[in-house]
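Engineer: Protein chains in written order, with the working numbering: chain A, 1 to 360; chain B, 1 to 360; chain C, 1 to 360; chain D, 1 to 360.
No lab work stands behind these hints, which were simulated from the structure alone.
Keep in mind the model is a prediction, meaning the values are calculated, not measured.
Warning: the hint list may mix true and false statements.
If several chains are the same, the list does not tell them apart, and a pair holds so long as it fits within one copy or across any two.
Stated by the list, open to error - Straight-line C-alpha distance at most 27 Å; calculated BS3-like pairs for lysine-lysine:
1) LYS75 with LYS151
2) LYS147 with LYS356
3) LYS273 with LYS178
4) LYS99 with LYS277
5) LYS54 with LYS273
6) LYS75 with LYS275
Number of protein chains: 4
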Amino acid sequence: MSFNTFGKLFRFTTWGESHGPAIGCVVDGCPPNIPLSQKDIQMDMNRRKPGKSKFTSQRKEADKVEILSGVFQGKTTGTPIAMIIYNKDAKSRDYETIKNKFRPGHADYTYFLKYGIRDYRGGGRQSARETASRVAAGAIAKTVLNKLIGKKFKVTGAVVQLGVLGCNKKNWNERIIKNNPFFCPDKKSLRLWEKYLLAVRKAGSSCGAIIEIRASGIPVGLGAPIYSKLDSDIASALMSINAVKGVNIGAGMNTAFLSGEDNSDEIRNIKGKAKFKSNNAGGILGGISSGQDIIASFAVKPTSSILNTRETINRKGRNTKISVRGRHDPCVGIRAVPIGEAMISCVLLDHYLMHKAQCS
Amino acid sequence: MSFNTFGKLFRFTTWGESHGPAIGCVVDGCPPNIPLSQKDIQMDMNRRKPGKSKFTSQRKEADKVEILSGVFQGKTTGTPIAMIIYNKDAKSRDYETIKNKFRPGHADYTYFLKYGIRDYRGGGRQSARETASRVAAGAIAKTVLNKLIGKKFKVTGAVVQLGVLGCNKKNWNERIIKNNPFFCPDKKSLRLWEKYLLAVRKAGSSCGAIIEIRASGIPVGLGAPIYSKLDSDIASALMSINAVKGVNIGAGMNTAFLSGEDNSDEIRNIKGKAKFKSNNAGGILGGISSGQDIIASFAVKPTSSILNTRETINRKGRNTKISVRGRHDPCVGIRAVPIGEAMISCVLLDHYLMHKAQCS
Amino acid sequence: MSFNTFGKLFRFTTWGESHGPAIGCVVDGCPPNIPLSQKDIQMDMNRRKPGKSKFTSQRKEADKVEILSGVFQGKTTGTPIAMIIYNKDAKSRDYETIKNKFRPGHADYTYFLKYGIRDYRGGGRQSARETASRVAAGAIAKTVLNKLIGKKFKVTGAVVQLGVLGCNKKNWNERIIKNNPFFCPDKKSLRLWEKYLLAVRKAGSSCGAIIEIRASGIPVGLGAPIYSKLDSDIASALMSINAVKGVNIGAGMNTAFLSGEDNSDEIRNIKGKAKFKSNNAGGILGGISSGQDIIASFAVKPTSSILNTRETINRKGRNTKISVRGRHDPCVGIRAVPIGEAMISCVLLDHYLMHKAQCS
Amino acid sequence: MSFNTFGKLFRFTTWGESHGPAIGCVVDGCPPNIPLSQKDIQMDMNRRKPGKSKFTSQRKEADKVEILSGVFQGKTTGTPIAMIIYNKDAKSRDYETIKNKFRPGHADYTYFLKYGIRDYRGGGRQSARETASRVAAGAIAKTVLNKLIGKKFKVTGAVVQLGVLGCNKKNWNERIIKNNPFFCPDKKSLRLWEKYLLAVRKAGSSCGAIIEIRASGIPVGLGAPIYSKLDSDIASALMSINAVKGVNIGAGMNTAFLSGEDNSDEIRNIKGKAKFKSNNAGGILGGISSGQDIIASFAVKPTSSILNTRETINRKGRNTKISVRGRHDPCVGIRAVPIGEAMISCVLLDHYLMHKAQCS
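Bound-form chain A, shown alone:
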């Protein structure tokens, strides 16, 4: 079972509500003797945290991670690594509205009917705040993979579609991604995206996004057919992120439109190494990594909390209207980039360890 636990050999368990005293996670199964410091983790935390630009929520959180166990004298010990992140800027002003009304597009209604009780403050457990814990776990996974596979391992995410606006993926540039508030990989798109997002926010509306994650330096052979295929686990991992509604591996949904010739990636021996002439498979064949870059993308729906008034019902089942004020991201998809990277890093490490167990 895995209600709040993700992973098989490298596993993390998250806990905490948006407006409780703290959130946190416990990472289990981490290999021992890996150098690890709070700093390694904090770097990724900062990339996800809100309040960084006018394009994300204005909630001010330091999102400072504290390690409580599992690290001794700067190295992992193989025992569980517990991390805690205190909630600082949890404002209660907007409670009364969402306490009694179900926000359309949110899980207010389903949580209430499932459990008969819910911590409504800031969305409680259903809040995207939980994803901070994932980023912390993912930072550990990256650190371990960099140690086990070497520096050639790298995972990079970017927003490739911002609402109705795409970008030219051929211009993918990692330096650009790091230096714009949209994680946009294409310098030429920046200006238009900025104008567009400001207009969306001004209109009291929101927009969706598509995020693409690329992982390179992955060895051949990761993935455990049939029901722990690498792509199956990636799909599960990405779909578990708040607001995600679609997941593609490689050419994804578009493979439906291709012919067999156009889709399958031919193989060539180039200077003694197997090379593929294309990567429609996204680096995964039969659920097993092929040595090509792993490419996965996912769609994040537009923020459901918007200023514009919407119809809904309240706890008593009566018809009412709602307009959600407060601090929200006009496009939650933007902050999903480091989360997607984190989840894929965790899946890859998990399969790296599984492969080592069975096949080395």
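Position chains B, C and D against the provided structure of chain A, taking the given hints into account.
Structural biologist: The following block gives chains B, C and D in isolation, referenced to the frame of chain A:
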């Protein structure tokens, strides 16, 4: 761990290779006292089996399921239900080609590099033949759900995109789906689809497809946040099917292009019942079923085994060419319809049982 | 996988080292809407904590539990319950000895060889301090069982053998158990036990113990054959407690000496209810609860840290001697009573939920 | 979850009823490229099978294992290994008695109350016939361990207590074990044991037994603290065997009577290697293997099916009597020897793979 096991409380384990003596599966965690006969299962088996029309593989398999345990005097006993399906029409003529060459788009290369050994006959374990076991398990899940939830429970799949050809989903008709070889839901598309697929086959090529699965009669509250969200488990289930490269829940990838107003489904009290004005969420909010129809779709890539010649390498790493003869589906997506239904039925029953455990 | 996680549907994950900043646990799968307060948990914590009498370690720990999530307005919400216990009285004086030498009977040697690194301070992760987290989880399990099954549910443990001294189990008295520092159930044994244990301590030695746990009010039908039998899970639970080397269910090892007639418990209809004439089975038949009291016992080996000098090797593999000073329990078995109760409560709740899922 | 599945990385799932058409198991997670033949498995099957001497059940079963998948050209492929054993000598004469009456000491009562239905023929799923599948899985585990660890790996079991009769364990002789129908390790006990067991059988009674399993050649470091400790998993494995009521690791329950000095095993450097002066720990410290022999023992209660008349109730709850005729073992413990070996082999391989994953 779950290499060849799917599910948590309702679980099935599959085994067997395409050209071995038999394939089969063991269903564990099935509730007791559910009337179940071989016939209940055979019906779904027949919908998946090859050789039914000129649009699917000409391999002739009776795909007759035998129940070996777990059923006594016509009822389940709560103990594991083992099922076996003998391989009958396993022809060996094409072995020599695929024994030494890696078919592009197939898992030949990755299986060989992962395990250092593989049963290449008919694709061995990587063959879609494994999915017959899933259909058997899914038929049991359906039977149990019909008993536990009642007759209002129903799951129906259809091909909604055949290669470059779509159909009008507004014409969705279950009777039509049952009576055409494409599982096409729209009568008006049938003729064009037939012509198209014959042309594809004649050209020695293949095409992809998009399959949509709709499940109705689902109670509110199924789904276990955070890492066993209903949509997360559906994504994992569908992505584990051979040749699937993308999964959508509800509006899926298209949510990226919508505004917050257009995407989130407003709620109304209609005659004392909560009703949603639309279903972009695909019946799932925060990973929990909302009581709306569950809608999921997935893309199946075009059959990789095609007559047209392609470039590849052989086991020794040398460049070579390959043209795969033999009995293949011009569009493997078609036979994926009952498989998708089966997987979603299993996920739903699993979550039904989990919900009963924690929240009833 | 379950390195640091116990349970299936009701699960807890523990973390933390003996002399780190804190220890804690995350309880997952707890049913919602169960009244739960810190106080409910603290009561059991106090029964386990050290420094209560001259017969236990003099380490002074308040062992105050803080709930960080999963409880809202005094009730569980169905989301994970994180608890933290800060380490207060962690003294470092004895570090240098155990840093470089492997204490016989301890896990110093095996942890070091397994992981290549270990937090040696106070035994680190291998310390019995971890069991405080189990008691916290167990207190929640008891609270839930009392709510779900009713007040008839009760679990009580006692020390029935203290080193070479037994007691008369026919005098089992719960009030007595609560009011002596040995959890001894037999008033007549108290004086002798006290003298004996003082002598053991004075001699710089230690002694073992046998603990018996009795759970009553258990419904028939809990237990999931074959590999999650109730007794199998109890055995795993009790054997996972530090220093436990043997586990019995009912008559346990003694069944080997009985005849078939003497061992199997005959059944009678007494006033319309099935009653057993004896309870050699310990309330479990075929891995399933029979409605009788669950009776399990386990042996705790004598404390390995003793004043008397012993032979061992150091980290460099050289022969040396060791005499472990510091604050130790002359009989660690005594404090194992609430831990055993906790583990059995968790197993029972887990199986209660599983049974509800499959068979209700 | 693991109703009918055992293990984590090396896992097997068993199915089948005593008088159904067949029983079987699916082994998953087996490393690839291990030479494996039906013969390797059959050897152990023959050691467990009934009808071999007058001291075991007269049911005549060939217990011939057929491998249906996962082995190709004499080697494992890393895919699931399905095995089937047909039931041949399933006689129905005794059905009517046990159909309506609950045999004391058996799981008839609890299965019926749990599931509301049961296959009563020959005990159905609760029959010890299921253990044939475990022996098959264990034979694979042994083969893999012999390949991975080398020939120094060995696991041997023996009956060390037959009812009221012990034996001198100092005379432990593997050749003797192989050549007597009791798996007795001490030549001097054979004659007395034979007389005793014949008397027990003649009296229409039965007796219990204690089995000891010794595994040598085990590397240091196997075991995953806290909740997958090696001893915890062994306890779970052995307690899951039919009729087992107690499990000891090393000195086991007897450690309760020892002093700290007498119990903890001192360590010495002998010619550059760490050696323990005794093995009360049974080769496990802190849940991790120490490199010493793993020693575990377990008690098997006396056969509950006996000729002598006993009191019980029937399905309608009415008082009645029962005398179980048919083919039974006077001491089921005898045939538990290869089963215990099998379970411990599976646990060891599982932990070997887990250790490789996390710590190599």
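Engineer: Compare the structure with each hint and give your call.
Structural biologist: Right, here's what the structure says about each hint:
When the C-alpha separation of LYS75 and LYS151 is checked against a cutoff of 27 Å, the pair qualifies only within one copy, where the shortest distance is 19 Å, while the shortest distance between copies is 36 Å. Taking the closest pair of Cα atoms, LYS147 and LYS356 come within 27 Å of each other both inside a single copy (15 Å) and across two copies (16 Å). For a Cα distance limit of 27 Å, the shortest separation of LYS273 from LYS178 qualifies neither inside one copy, at 32 Å, nor across copies, at 48 Å. Taking the closest pair of Cα atoms, LYS99 and LYS277 come within 27 Å of each other only across two copies (22 Å); inside a single copy the shortest separation is 55 Å, beyond that limit.
Neither within a single protomer nor between protomers do LYS54 and LYS273 lie at most 27 Å apart by alpha-carbon distance, with minima of 47 Å and 40 Å respectively. In the homo-oligomer, the alpha carbons of LYS75 and LYS275 never lie at most 27 Å apart, since the shortest distance is 37 Å inside one protomer and 29 Å across protomers.
The structure fails hints 3, 5, 6 (numbered hints given earlier, in ascending order).
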